[in-house]
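Colleague: As a plain string of letters, each chain reads:
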Amino acid sequence: MSDFFDMTGKLNTLLQEKYRSYRLLDRAVLRKELEHVGSLQKLAPLPKEELEEYFHKICAVDGSNNRIGGNFPHYVDVFRGCCIRDLKDGIFVENFLTPLLDEIAREEEITRQKKMLAQVEVEAALQALEKYTPKVYMMDGSLIRYEISVPELWETFRKKTLEQNILVVGVIEDIKTNHLAKQIPLVDSFLYDREIMFHVLEYREVLLLQQTDYGKSKYDYSSAFLRASADPLTIGLDMFSEQKQYLKWMSRFVLSLTDEHSRGVPVLIDLVDGACKVKKEVLEQMMKRSLSRDLYEIFFHATRSKRSRLYE
Amino acid sequence: MNEMKVVGVTDQRECYIASRTKSFRIHEFLIVEDPSQGDLVSQVVSTKSYNRFMPLSAEGEFLDNEMMENLAKIGFQLDEESVYIAKLRLLKDADYPIETGSGIRMPEFSEVREFFLTTTLDKALILGVIRNTDGMYSSMDEDLKHLVKTFEKHRIFEQKEVPYLLDLYGMQEYPHIGIFGGSGSGKSFGMRVLLEELMQKRIPTIVLDPHYEMLFEKKAFENYGKNYVEKYRVFEIGKNVGVKFEDLNTRELKNLLNTSSKLSEAMDGCVDFLHRPREGVTSFQMRLARLKQGQDIGKENLLKRIASTPDPNEKEDYQRTLAILQKYGDKCPPSSVSGIIWRFEKLVRLGIFECNSENLEQALKARRLCVVQGATKIIQVYSTFLMSRMYEKRRAYRDALIDGKDHMEEYFPPFFIVTDECHNFSPQDGNVSSKYIIREIAQEGRKYGVFLILATQRPSLVDSTVTAQLNTKLIFRTTRSSDIQTISEETDLNKEELRQLPYLNTGDVFVSQAQVGRSMFVRVRAAHTDTPHKTHPFEELETISSQHNDSFYEIVREYFPIKDMELMELSKRIEEKTGIVYTNYQLEQKLDLLYQQKKCEKRNTIFGREYYEI
Numbered sequence: 001m002s003d004f005f006d007m008t009g010k011l012n013t014l015l016q017e018k019y020r021s022y023r024l025l026d027r028a029v030l031r032k033e034l035e036h037v038g039s040l041q042k043l044a045p046l047p048k049e050e051l052e053e054y055f056h057k058i059c060a061v062d063g064s065n066n067r068i069g070g071n072f073p074h075y076v077d078v079f080r081g082c083c084i085r086d087l088k089d090g091i092f093v094e095n096f097l098t099p100l101l102d103e104i105a106r107e108e109e110i111t112r113q114k115k116m117l118a119q120v121e122v123e124a125a126l127q128a129l130e131k132y133t134p135k136v137y138m139m140d141g142s143l144i145r146y147e148i149s150v151p152e153l154w155e156t157f158r159k160k161t162l163e164q165n166i167l168v169v170g171v172i173e174d175i176k177t178n179h180l181a182k183q184i185p186l187v188d189s190f191l192y193d194r195e196i197m198f199h200v201l202e203y204r205e206v207l208l209l210q211q212t213d214y215g216k217s218k219y220d221y222s223s224a225f226l227r228a229s230a231d232p233l234t235i236g237l238d239m240f241s242e243q244k245q246y247l248k249w250m251s252r253f254v255l256s257l258t259d260e261h262s263r264g265v266p267v268l269i270d271l272v273d274g275a276c277k278v279k280k281e282v283l284e285q286m287m288k289r290s291l292s293r294d295l296y297e298i299f300f301h302a303t304r305s306k307r308s309r310l311y312e
Numbered sequence: 001m002n003e004m005k006v007v008g009v010t011d012q013r014e015c016y017i018a019s020r021t022k023s024f025r026i027h028e029f030l031i032v033e034d035p036s037q038g039d040l041v042s043q044v045v046s047t048k049s050y051n052r053f054m055p056l057s058a059e060g061e062f063l064d065n066e067m068m069e070n071l072a073k074i075g076f077q078l079d080e081e082s083v084y085i086a087k088l089r090l091l092k093d094a095d096y097p098i099e100t101g102s103g104i105r106m107p108e109f110s111e112v113r114e115f116f117l118t119t120t121l122d123k124a125l126i127l128g129v130i131r132n133t134d135g136m137y138s139s140m141d142e143d144l145k146h147l148v149k150t151f152e153k154h155r156i157f158e159q160k161e162v163p164y165l166l167d168l169y170g171m172q173e174y175p176h177i178g179i180f181g182g183s184g185s186g187k188s189f190g191m192r193v194l195l196e197e198l199m200q201k202r203i204p205t206i207v208l209d210p211h212y213e214m215l216f217e218k219k220a221f222e223n224y225g226k227n228y229v230e231k232y233r234v235f236e237i238g239k240n241v242g243v244k245f246e247d248l249n250t251r252e253l254k255n256l257l258n259t260s261s262k263l264s265e266a267m268d269g270c271v272d273f274l275h276r277p278r279e280g281v282t283s284f285q286m287r288l289a290r291l292k293q294g295q296d297i298g299k300e301n302l303l304k305r306i307a308s309t310p311d312p313n314e315k316e317d318y319q320r321t322l323a324i325l326q327k328y329g330d331k332c333p334p335s336s337v338s339g340i341i342w343r344f345e346k347l348v349r350l351g352i353f354e355c356n357s358e359n360l361e362q363a364l365k366a367r368r369l370c371v372v373q374g375a376t377k378i379i380q381v382y383s384t385f386l387m388s389r390m391y392e393k394r395r396a397y398r399d400a401l402i403d404g405k406d407h408m409e410e411y412f413p414p415f416f417i418v419t420d421e422c423h424n425f426s427p428q429d430g431n432v433s434s435k436y437i438i439r440e441i442a443q444e445g446r447k448y449g450v451f452l453i454l455a456t457q458r459p460s461l462v463d464s465t466v467t468a469q470l471n472t473k474l475i476f477r478t479t480r481s482s483d484i485q486t487i488s489e490e491t492d493l494n495k496e497e498l499r500q501l502p503y504l505n506t507g508d509v510f511v512s513q514a515q516v517g518r519s520m521f522v523r524v525r526a527a528h529t530d531t532p533h534k535t536h537p538f539e540e541l542e543t544i545s546s547q548h549n550d551s552f553y554e555i556v557r558e559y560f561p562i563k564d565m566e567l568m569e570l571s572k573r574i575e576e577k578t579g580i581v582y583t584n585y586q587l588e589q590k591l592d593l594l595y596q597q598k599k600c601e602k603r604n605t606i607f608g609r610e611y612y613e614i
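Protein chains in written order, with my numbering: chain E, 1 to 312; chain U, 1 to 614.
Read the hints as simulated data drawn from the structure, not as lab findings.
Note that this is a predicted model, so its numbers are computed, not measured.
The C-beta atom is built at its ideal place from N, Cα and C for all residues, glycine as well.
Check each hint, because a few of them may be wrong.
Unchecked claim - The calculated lysine to aspartate or glutamate pairs, modelled on DMTMM-like cross-linking and capped at a C-alpha distance of 20 Å, are:
| # | chain 1 | residue 1 | chain 2 | residue 2 |
| --- | --- | --- | --- | --- |
| 1 | E | Lys57 | U | Glu80 |
| 2 | E | Lys48 | U | Asp79 |
| 3 | E | Lys88 | U | Glu81 |
Unchecked claim - So the derived label-pair ranges between C-beta atoms look like this:
| # | chain 1 | residue 1 | chain 2 | residue 2 | range |
| --- | --- | --- | --- | --- | --- |
| 4 | U | Gln77 | E | Glu17 | 47 to 55 Å |
| 5 | U | Gly101 | E | Asp174 | 40 to 48 Å |
| 6 | E | Pro232 | U | Gln12 | 57 to 65 Å |
Chain U on its own, in the form it takes in the complex (with noise of 0.2 Å):
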């Protein structure tokens, strides 16, 4: 019965195994039945088969398919001659070398429950399937299953593998996680369904969505999946979010001007000095206008004006700005006077302190996944001060409740940071200013319950100790070299997988975790929502420009027949009766694109060009 057998030479670790009848899958789970040492867990590393009868040399005689058929016919089944054969490597290491004749055969759930099973589902997020383990389904907890559905080939497919629990709870010793795959690798999927786990267990969670398309009101299939409409909350900068410039204190100021570009040592002095703490967006900007003023004009002839000037108004406008001048002017050179001025209009005019961020951090106590959007610029500049505004809160609730001193500090929740294209936020090289604040919540934050999950194209590019702080790691299909090159030094994916990562499949991933010192192969399930805009460029365009030619063709058939001589009557008609301004050749661009599309017929005259109706 037993048709599989460990082969060849043998150590504690690995061996090989071939058998007649059996194919293998790579990261199938099999046991080894060791006399000696008993039950043993293994799995599949690396897959071969052959047949003696079909070699590979090119001498030697080599049969072809009629042959093959006509021995078949007679008893002489070639074909069956194959040899399956395979690398398993355990799960754990064994204290002696794997006798070689062992027996294989496939294991029953319980037997290898603990490899997969570190959580419980109440405290897991369920990011899919585990890959070729469906040998082991039925076997399985009833609870486990037709938790998922995968989509795969262009069709839903019913669970039929081990379920992938991702630790939630577990995160309290192994915090962040990072997401690292090429473009069209099931990446941005990936992220949709932590999201809608993180949602479902209604973890308070901060998206940064530069690409505006993590919204989850679109369902992505019809009788599948849980409705998010109430968890989550979309905030635009600049709409309904931004920062209250009165809440700011000095050092958050200086942080948000470095974001335009960095301070010099004299420009951080002066805004020490110019800030007041409490104050308003007008309060700053006019103190920086008059204090320029004054440097511009100059004291001595400030002097003269004021004494100068009849209009009292005037007088009174000049003596504000001697006065500003007198207190700041020797403290604040004019030169940085000048370049905090344009650092702060740069942020004016994005638009970022339009707003307050008190809806966010209501929604994220109430905790619901908060979505921000904007332009990747303005995101920049507000993540960094959200990062550190949100994560201040919580470390001085913490802090204070190890004190003792809970009850005067405000509760803030624990809550995750979810951000794609993480090389711009937190670069390998380069000063951007949330580098720092990832940074110290990427060392620090498992203390105060704050996460990271950081996505990126291209991990080579991310700064190499937040990196190292993702203690998961899911890893789709990724191209190049370098990225694959920091992925090996980056996680514990072996030899024969690093070799597969080019050709994953489009939603697979190989999920390395700290935890466990063993990636998984997983297939990603199903998202339950879809992005809102799937409506295809050159699809648009064609829709866009065949509604004008409609429209145009409305307005325009009244008159026709249109002469050549006629488009400049035809164009006063047509913007009397219509307001629509055409220009000559407008209308002969247009009127030939109708003829071209056959709405209308031409003609050459002597005269010109005629268009007629059809």
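If we strip away everything but chain E, and leave its shape as in the complex, we get (with noise of 0.2 Å):
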């Protein structure tokens, strides 16, 4: 046990001498600095009325997986993409794969998953355009991995929003990028913008990056950094820079859906996660149904989910 107090010891020396520089930065300083880089404004939410104007034209977009099976290539995942506008139901669209069926090499695996995911999400996201006929999508995580992982559905979704003027954000909460470092040389490069950003925004206070242009993607995607509850961290919004001059609008509307006492992630970002999940049993069932009962139990019944919970 003292190595690993000896362990966390040294952790604790090597953190604090990494973000020695960031430490010793003023926190006015740093906001100082943050004005290069885009815009520190500080909003308030949309007023009831306009909201009002927006009843069932919020479309909260959101996918889940769940796998059942053991190891490569002896299982079945499935996806299911969601889009609501309300509680009541919405649009579900489901797909599976496995690897025993769907020729999925061993390195494809997690790129095939992902693919498959972000599809499923996308297409309820299209069916929702003539359906639901949105004016807003909020999608759950940033935009560009839509674009990465099915890039032509992508296009046809982006072409029809554009065309139709219906906004479309992405709420991050883990922001996983590090522009931020590059761009401020007081800053170390190997802090992400998510550390940077701690505590460093009042509650309500966005920060409107200037950049939209990140070498990754073919599109440009403007984004900003927004604190929407007490809690000190930050999330990112995305939207298409075509789109750019609605992200102020964009962030008030995240703040009118935050709650102050939140973690800081809009309420339909749960919402929407909590319809889409891919219940365990239900899975379960489905399998034990139609395959053979021995098959089951040999292939895809993981000794891992018998375990009683009595000892947790």
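Join the two chains, each given in its own frame, into one complex according to the hints.
Modeller: Structure representation (structure tokens):
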């Protein structure tokens, strides 16, 4: 055990050193630096009358997947994409993959998974265009990942939404980018944006970033960092750069839907996430019903899942 | 359309149901549409509701109102995500467990009629309405509508629920009613309504009323209810009702003496010797007095006095005393005689022999309700006599009827005996004389058509053999745990209902009937009449004292200005004029009071205080 505490002692020292440069920065100084990167603004949520105009016109999109089985290739992945505009029902697109039938090589496991997940989400969103005629799409996660995973489908979606002036925003809970460090000389380059932004913004403050092109994608996306709750962490918002002028409005919109005492993520994201889930029990039932029982037991019933929860 | 369904695990008696749109009320009646067993009638026994977006735990995120409103504006109605759950119990057990997924619907009155109406209107007492049955009002028979009104939240409401009919004729098989409830629970009004109903049917009834409140003159509300003036008579013990000593047989006399204090065996025997049937109070008193006198003086001394006294009247007097002494002296020890004397005098002082009970008997035969008023102690004494006497008469008549000898026996009607504070008349522990007659009537009364309605705040203190015989029990709000325990043992109230007992509204009652085997949740109807004394004691204090002050002021004002030193003089003058005597001290006090009430002024002079007009 002493080894462990030795190790954490060393961690402490290392991290302190590593982030010394950042920590030596005065918050006010850092905020000043950020002004070169984008515009810092204090925002108010949208008035209720304005929200009323969007009744049933806001679609939240999310995807969920679940796996039954064991090691590669003896498993089945089920994917569900979901697009909702109220709590009563929604558009669901389901699909599934199994390496046993779908010719997936071991190396492509993860990418295939990501691809299918993105696919069902965008398909659900596309179906909603006609069925729900929304004015705003709120997607769970950054928009870039759709472009990377399902470029053609995403193009279709992008075109249609831009044509019809439908706003699309991606809400990113855990910011994974590290663009800021490159732009702010004072800050160490190995710091992620998430860490840099910790407690830098005030509640209801947004940093609208200037730069739109990050080299990774074909298209430009404009983004913002928003602190939508009392929690000092910020969330990220992505929009098509063609819709850049709405980024501020979108930030206000997100503020209207985020509880001050939550972790900072709009409630809609949690709602659609809940609607979307593929329940393990349901998946098991479906497999057991259609597959020959002995085959199910051998290939798909993971011993781990039989573990009794008594000891937890 | 059908938004309610059976959910979860079921059995053949109970199940849970859930709905997203309709909330449930306890005691509501619903029909379970079981696909294989058909329509099953059920009642809600407990209810819950929850919303998954508003969880109870402190961890996790909690949405504030602002957020809920904003979400609702864009289409996400979180507050509509409430789920309402209820637990149902079938009125009759099914053969198989209820099918999960069965639909639920509101019943038509005809489907549940048999559970409510065990009798027809003319054979029932209309106690009030069955709560939470408003869904069935419209499909109900017309003659059941507009029968009663209820009084809630300080106003009168028209009937909108199924009426509760207490089966009167059913008492033949399931006799006697118990009324339990704490103070302020509506118990007295429940009793009042029952009595009004009995009067409407002209059922002969005796009501023991130690609180002087069972009068039916005063109407409770304008333009509501019936008139009862001709239907009842009031009797006050000692004034217009009592025991006719001449009518007493020795056994009854002994019972009465027992109410003063229990007779010892010796005393018991003495009374047998001393009492002559059909004699009057005075005669009996004299005999006792002479015997005591004789025993006090002693035989020898008596003989001496007889021999020595010159006065012939005195001599005769002593001779009489001697005769009594000789007849009874050996059989009745002096201590017994003393014991009998003070017991008897106690009765006499109560005034119980002042009148007889003939008028009451006539009133009963004329099918009236007889209210017997008097202090608790005297009522206890008299009621023992009355109940025994009336019960005897009825029994004699019925027995003669059976033997075919009814033409020989005088007619006596069936009747009810009603009393509040019955734990005083029929206690579990303690030897009160009324206990035994009540017990006998509780156990045997059914055969003869003599029925009890016993009310109490303390059911745990009532003789348990009697409680067990009360086939219908009206249970109002009860808070004491020992009483709730008794109620749980003696009635068929289920767990949830028992838990509700301390929180019932005034006037709400659980009716537990042996006849039905399940309790009803009822609201007693608004009484037609009201109790006579409603003056508030503290208001009375204010009123009276201000009256006194006014009259004093009138007397004294002509004497202003009044000086301290003149009080003696003033007191004399007032006495001469009005006859009222005030001491100096009283005058001082009263004048000060007038000053405080600003009816006069006061000034301190070197000679003392002076009071003068304003």
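Colleague: Could you run down the list of hints and mark each one as holding or not?
Modeller: Verification of the supplied hints:
For the proposed pair Lys57/E and Glu80/U, the alpha carbon gap of about 19 Å is at most 20 Å, so the pair holds. Between Lys48/E and Asp79/U the alpha-carbon distance is near 17 Å, which keeps this suggested pair within the 20 Å criterion. Distance check on the hinted pair: Lys88/E and Glu81/U sit about 9 Å apart at the alpha-carbon level, within 20 Å; holds. With their beta carbons about 53 Å apart, Gln77/U and Glu17/E fall inside the hinted range of 47 to 55 Å.
Between Gly101/U and Asp174/E the beta carbons are some 42 Å apart, a value that agrees with the proposed interval 40 to 48 Å. At about 58 Å, the CB distance of Pro232/E to Gln12/U agrees with the hint of 57 to 65 Å.
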